[in-house]
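Protein sequence lines correspond, in order, to chains A and B.
For the first sequence, the numbering used here assigns the number 3 to the initial residue and increments by one for each residue that follows.
For the second sequence, the numbering used here assigns the number 37 to the initial residue and increments by one for each residue that follows.
No lab work stands behind these hints: they were computed from the structure.
Every residue, glycine too, gets a C-beta built ideally from N, C-alpha and C.
Treat each hint with caution, since some may be false.
What the hints assert, rightly or not - Computed footprint of chain A on chain B; a stretch qualifies when at least three of its residues, placed anywhere within it, have a C-beta under 8 Å from a C-beta of chain A:
no., segment
1, 39–49
2, 100–110
Stated by the list, open to error - The following residues of chain A were derived to be distant from chain B, with all beta-carbon distances above 10 Å:
no., residue
3, 15
4, 22
5, 24
6, 29
7, 35
8, 58
9, 72
10, 77
11, 79
12, 84
13, 87
14, 88
15, 92
16, 116
17, 117
Listed below, chain by chain, are the residues.
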Amino acid sequence: KAGVTQTPRYLIKTRGQQVTLSCSPISGHRSVSWYQQTPGQGLQFLFEYFSETQRNKGNFPGRFSGRQFSNSRSEMNVSTLELGDSALYLCASSWETSGSTGSYEQYFGPGTRLTVT
Amino acid sequence: AQSVTQLDSQVPVFEEAPVELRCNYSSSVSVYLFWYVQYPNQGLQLLLKYLSGSTLVKGINGFEAEFNKSQTSFHLRKPSVHISDTAEYFCAVSEPGNNDMRFGAGTRLTVKP
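The shape of chain A in the complex, shown without the other chains:
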């Protein structure tokens, strides 16, 4: 099976712009989570989508949003970019059946490195 793919791998944007990152989960995985990784704050959970619905949300401002499509692919959008948004954005997918209570391991993509200038 192909792993989690993220596009683009690298991105340079200017303050005030917006950006959209894409994530394709492993085939059959229905849960997609997004994380922000920075040297100062480490790995922080942004949000999780399952069956096109946001199921969990971390402590990030409303400028960070996402969505999931019927094929489980997910996009993350950051509006009005700030310098502090420069980070590695990681997407992770996991297999989980609807109604299960298990927490399955998450498989991570290589990340999108966003630089805001």
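Go by the hints and put chain B onto chain A.
Positioned in the frame of chain A, the structure of chain B alone reads:
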């Protein structure tokens, strides 16, 4: 809410020596515990996980970890490290039914020849 503390930010060790990377967690409910490894410019790769059952968990690349509920710890060990084990290691915790995974700050393992 659950949280994770990795007690060492950097661990230097010589090749073929044993290593232990320490992880403590806090949670008011039962937890799932994970160790991930991150090589430069890559995503995270799962080393091992504890969901239930035996407290000694074996993972890939010769790593193992022991879940200690009374000490709320999940330390990662390897009896003999290789140069290729040089990487950042992350301990993570989640609660059953919740994919909001909380990560520790990471431990940079440097294996020297």
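For this structure, which hints from the list above don't hold up? 1, 2, 7, 8, 15
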